[in-house]
Amino acid sequence: MNLAIKPKSLIVLLFSVCIFSCKKNELTIEKVQDDGAALRSVEWIKTQHKVYKHPAIKAAFLEIAENIEASNLQTKKLLNNENLIIIPLKASFQTPVETTRFSQKNLVLVESAEHQIRYGNIVEIVQKERFSNTASMEFIAKMYNNDKSDLTGIAIFLSMTNRFLHEKEFRQGELSSIRFLVNRNKDLPSEGIDQSGWQLITVDYLNKKNNITRTNLFADNAGRENIIRMMDDNKFFRLTGGLQRNVISSNNLSSGDTWVEDYSFLDEPGDEPDGYAPPIIYSYHATIGRIDGEVVEVIMDPTTAHPTQSNYINAGGQDVQRNLTVFNHYNTWVPLGGPNVLLDWQCDVHALYLYWDGTPPRTRQWHNTKMSVK
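The numbering of the sequence shown is UniProt numbering, which starts it at 1 and goes up by one.
I should point out that these hints are in silico values taken from the structure, not numbers from a laboratory.
Built from N, CA and C at the ideal position, the CB exists for glycine as well.
One thing to keep in mind: the hints can contain errors.
To be verified - Cβ-Cβ distance ranges computed for the label pairs, FRET-style:
hint	residue 1	residue 2	range
1	M371	E63	15 to 23 Å
2	N328	P55	23 to 31 Å
3	N311	T47	26 to 34 Å
4	T325	P55	31 to 39 Å
5	F327	E63	53 to 61 Å
6	R362	E66	52 to 60 Å
7	T47	L336	36 to 44 Å
8	Q365	P279	12 to 20 Å
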């Protein structure tokens, strides 16, 4: 699969002047001569600045407007037929991330096949070695297309108001960890852990190739008691500082702040063909950003299904192994006004059934969907 991003050279020629004026917290755009992605992006920023009334939100869109390099915009067609618009941000644009590594920042917009921009994020790519902004765009395009091949680095997702939402770390083409904020740790065990205020949570995915093992995790955290619990066969859930040691204070989050909320849901299927098969648990996670009761941003993680592999005896007495693959992820969200938002997760699930008595393998495939108003 060729995921190379082709620069929109015509945009460089046609996007002659894009000037933002910040007088009295007002945003104006002059002489945008382009009917493509550049114009749609600029008009979307202008609309968001107009729609939101909170001064902090309006100021955030002004800052983005002043720092985009629209002439270097690049686009990518996503596998779900949506379009990805990636616009570099100037090096002077500051995020709440403190790192000594090399980083590139981009404004990432997702638009429908009908060219309606649905939402945007600031995405910062962090790597150990110096890299070009074009490389960061290719990283983002692969990540949004759920293609992890060859990815090594950290992707930090921030809202349009420049607040930390979550972080994903990739090592040698594998997702090694994710980090996100939880307020008061309502869903975490409390033994020996101070649960007051905000906590930064890390989920580590065990991977021998990347030297992420139970032994190493416990050795790295000896005496700190910050490994919370095992989530399943290949994940650890723990408190951590991680790369974002300062992110809580930088986000100006207090113990009573509900700016970021995390929602997870578990479903069991109602149609298992083998009678005694272990239930499939679907997990859905969304991070919702709100300021003064307004939904600012939503990040929806892809649906996961567990256990991915299970062994059981079916109704006919056969020894069976079931293997699950989740693909064709399609997540959407719709603001409902005020603090409410409609979340819609969709995916396809493929099951392979292996029979140890020599019965030929069989497969089953179905569509899974979850909708929730939060």
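Status of each hint after checking the structure:
no.: 1; hint: M371 - E63: 15 to 23 Å; verdict: violated, 34 Å
no.: 2; hint: N328 - P55: 23 to 31 Å; verdict: violated, 41 Å
no.: 3; hint: N311 - T47: 26 to 34 Å; verdict: violated, 54 Å
no.: 4; hint: T325 - P55: 31 to 39 Å; verdict: violated, 47 Å
no.: 5; hint: F327 - E63: 53 to 61 Å; verdict: violated, 38 Å
no.: 6; hint: R362 - E66: 52 to 60 Å; verdict: holds, 59 Å
no.: 7; hint: T47 - L336: 36 to 44 Å; verdict: violated, 18 Å
no.: 8; hint: Q365 - P279: 12 to 20 Å; verdict: holds, 18 Å
The structure fails hints 1, 2, 3, 4, 5 and 7 (numbered hints given earlier, in ascending order).
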